[in-house]
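Visitor: Read off the chains here:
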Amino acid sequence: MFTLSFRRDFRVPDVVSSALRPLPLLPLEIFLQQLASNIVTRHPDILTRIGRTDLLRFGIDPTDVPFAIEIELRDGVVGVHLRRELDEQSQHARISGTLAALMRLVDGEADGDALFFSREIVVTGDIAAVLALRNAVDAAEIGILREAAALIGLWISEPGRLLRGMLTDEPRRERRAQDERFRQ
Amino acid sequence: MTSSAANDLELICPAGTPPALRVAVDAGAHAVYCGFQDETNARNFPGLNFSRADMAAAIDYAHQRNCKVFIAVNTFPRAGDAALWRRAIDDAAALGADAVILADIGLLAYAAERQPDLRLHLSVQAAASSPEAIRFYTDTFGVKRVVLPRVLSVAEIADINAAVACETEVFVFGGLCVMEEGRCSLSSYVTGRSPNMHGVCSPPSHVSYHEADGSFVSRLGNFTINRIPARQPAAYPTLCKGAFRAGGTVGQVFEDAVSLDASKLLPALSRAGVKALKIEGRQRSRAYTRAVVGAFRAALDAMANNTEIPLGILLQLSEGQSATHGAYVKTWR
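Listed in order, the protein sequences are those of chains A and B.
Residues 1 to 184 (the working numbering) are what the first sequence spells out, left to right.
Residues 1 to 333 (the working numbering) are what the second sequence spells out, left to right.
Only chain A is shown next, with the shape it has when bound in the complex:
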């Protein structure tokens, strides 16, 4: 299993952040929604550990990129929305910090309390919900960059596989071979 991680002091350069600003958020939102759904499917214990079925809306604010992420949990379903800015009133809790700090937290590379003590992350709102989320995510042993890389790989390989299927008789040959094996 390979490991990907952010350096502790990594900060998205301003020039990159500025270049991202005019881009539409929808493609990234679709990607993050799929990523979050995959993670919750693969790690159902996250929702069990959070232990709440009422609506919980977290605002995740990476301070060095020009968008924020709203994560909504309700009845075991996760929803992800990207926002240019978070509306203070619409989230139950909010976690802010550099993208690297937040990613290292999710990946279990950094300790949430240490990031809080050093003011690298700031939390406001429902602190019990934040702690439950943090503990549940830490217990799930998520490798978020690894999960993202796997999803990107799937998105690249899946259209290719479908295209190959349409242009060649590979699937029919596979089915015929399976039938042969079954008959034997």
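Don't read these hints as lab results, they were simulated from the structure.
Heads up, none of these hints are tricks.
Label pairs and their in silico Cβ distance ranges: (1) A:T63 / B:T307: 39 to 49 Å; (2) B:F244 / A:T41: 42 to 52 Å; (3) B:A112 / A:V77: 44 to 54 Å; (4) B:A53 / A:I30: 33 to 43 Å; (5) A:S157 / B:F223: 53 to 63 Å; (6) A:R42 / B:M197: 36 to 46 Å.
Note that the Cβ used here is the ideal one computed from N, Cα and C, for glycine as well.
For this one, chain A is given, so just place chain B on it according to the hints.
Guide: Structure of chain B alone, referenced to chain A:
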């Protein structure tokens, strides 16, 4: 100190979740302590702790690697409602725990009578700080190890060890309590919930943070606990570590927002006859567990090999990013 004495020291490490337990075992813990997912243990925070199935798998993982598992059942039951705590003791025995860590004398009596093969450790929550108190627990309930409250100097620990027959365990790293362990009512006073009864000090449901006038303000219930200027380290808002105005000055009246780090004192603690060294922090992450357990295991290995103990690498994990020797070296204000 001799290397054989260092070899005999056990490193007792915290785990709030099954992955943290595996990290602790892999990082060199001799034993890991953890609790069930309810108010029977003193780290009853949301998202933490072990289901019965988690615990069975965790004990299996640890035992396969020659690591022990102690289950903390170290809160005090509600009057007339001890069933949850008794079930925790019975389940700990059934799951094959190497010891239970208890504080309440009723539960100690129950465990001694109903689970005679289960090893009993006395929690720091029992606050047994004299040979007489310790002998009461060892003679009455057969307690094999006492976790000493964090009020004693190294010399006082040596005196206790000379006077008692059981093993002693002391904290060497992590958050400090206000030295009224098992008797503190500050959290109860503000929130109605306490570490002693509910397993949670300053529960996060009563905590809030906000920015005001350029300062980071932390509150517990209706009380402002701290106003921290920009770029200064923050701390969790427990009442005991709050800054208050008293006698014309503003400061930490009860206790500073610092963590214990006794890594420099390991040889002295070993000479004082301590058997086990405990790391606080079941509410912390895998990253904390990996770093702290790894550092203390390296320190013990260095002692055993008579080489220099690596120091000062854990400051960024400390509350307030500041460390103290606590009561081990008493320099009262």
